[in-house]
Amino acid sequence: QSALTQPPSASGSPGQSVTISCTGTSSDVGGYNYVSWYQQHPGKAPKLMIYEVTKRPSGVPDRFSGSKSGNTASLTVSGLQAEDEADYYCSSYAGSNMGVFGTGTKVTVL
Amino acid sequence: QVTLRESGPALVKPTQTLTLTCTFSGFSLTTSGLSVSWIRQPPGKALEWLARIDWDDDKYYNTSLKTRLTISKDTSKNQVVLTMTNMDPVDTATYYCVRLVVEDYYFDYWGQGSLVTVSS
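Chains as they are written, first to last, in this note's numbering: chain A, 69 to 178; chain B, 14 to 133.
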């Protein structure tokens with residue numbers, strides 16, 4: 069299973085918005101509404117931010133939102149804050165009881 | 014609350030077998046719809062899913078690593094064990110134990126991770 073494609077980096081100034089893409093195929097992202105997003109600060113374990121494309125777990129700020137169109141899912145962080153600077157990974161179910169992660173995107177708050 | 018903790022050797026030699034144990038609390042792996050996965054991350058690189066074991070004892074493996082991996086569980090001890098044979102320096106990574114919600118396929122609780130270095 070090939071990794072989902074994410075841009076290596078993205079950036080924005082405090083208060084701005086940044087959108088990260090996650091491109092797969094019709095066998096994963098495009099075929100299921102089971103895309104999730106994870107935030108990882110340096111030296112820490114990943115944290116679930118979005119699941120089922122658009123849903124936010126309890127405690128995740130509503131500044132984080134997810135969407136999907138065709139084979140590409142997106143994570144948008146609105147009103148960027150310093151603590152949003154981290155690596156972000158997407159994940160998708162890919163059939164046959166297996167999933168796949170994205171290549172990761174480093175978000176920098178300028 | 015839900016917690017997971019990985020334990021195992023920090024250093025293994027090439028060709029050796031790695032055994033990692035995940036001890037969890039706050040949920041039971043007999044609960045329908047739950048699963049425990051192992052995910053690894055080489056230094057500076059992306060996440061890679063390795064294996065999972067479900068509440069009904071079904072097991073699934075990364076296709077590329079399937080011949081080297083074995084996953085098992087002891088529900089009485091709330092533990093999941095992963096073994097990986099024939100370790101190589103490219104297997105150097107932080108190994109995470111993670112709870113998976115199977116129906117909607119997302120990883121909601123992560124262990125802190127266990128760094129395993131493969132070196133002679």
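Note that these hints are calculated values from the structure, not bench results. Just to be clear, a hint being listed does not mean it is correct.
With a straight-line cut-off of 25 Å between C-alpha atoms, the simulated BS3-like cross-links for lysine-lysine are [stated by the list, open to error]: (1) K112(A) with K174(A); (2) K174(A) with K123(A); (3) K26(B) with K115(A); (4) K26(B) with K174(A); (5) K112(A) with K58(B); (6) K123(A) with K112(A); (7) K115(A) with K136(A); (8) K58(B) with K90(B).
Tested hints:
1. With a C-alpha separation of about 14 Å, the suggested pairing of K112(A) with K174(A) holds against the 25 Å cut-off.
2. About 22 Å separates the Cα atoms of K174(A) and K123(A), which keeps this hinted pair within 25 Å; it holds.
3. For the suggested pair K26(B) and K115(A), the alpha carbons sit about 31 Å apart, so the restraint of at most 25 Å is broken.
4. For the suggested pair K26(B) and K174(A), the alpha carbons sit about 32 Å apart, so the restraint of at most 25 Å is broken.
5. Pair hint K112(A) plus K58(B) holds up; C-alpha atoms about 14 Å apart against a cutoff of 25 Å.
6. Distance restraint check for K123(A) and K112(A): the Cα-Cα separation of roughly 23 Å lies within the 25 Å cut-off, and the hinted pair is therefore satisfied.
7. Distance hint between K115(A) and K136(A) is fulfilled; the C-alpha atoms sit about 20 Å from each other, no more than 25 Å.
8. The hinted pair formed by K58(B) and K90(B) fails the criterion: a straight-line CA distance of about 33 Å is larger than 25 Å.
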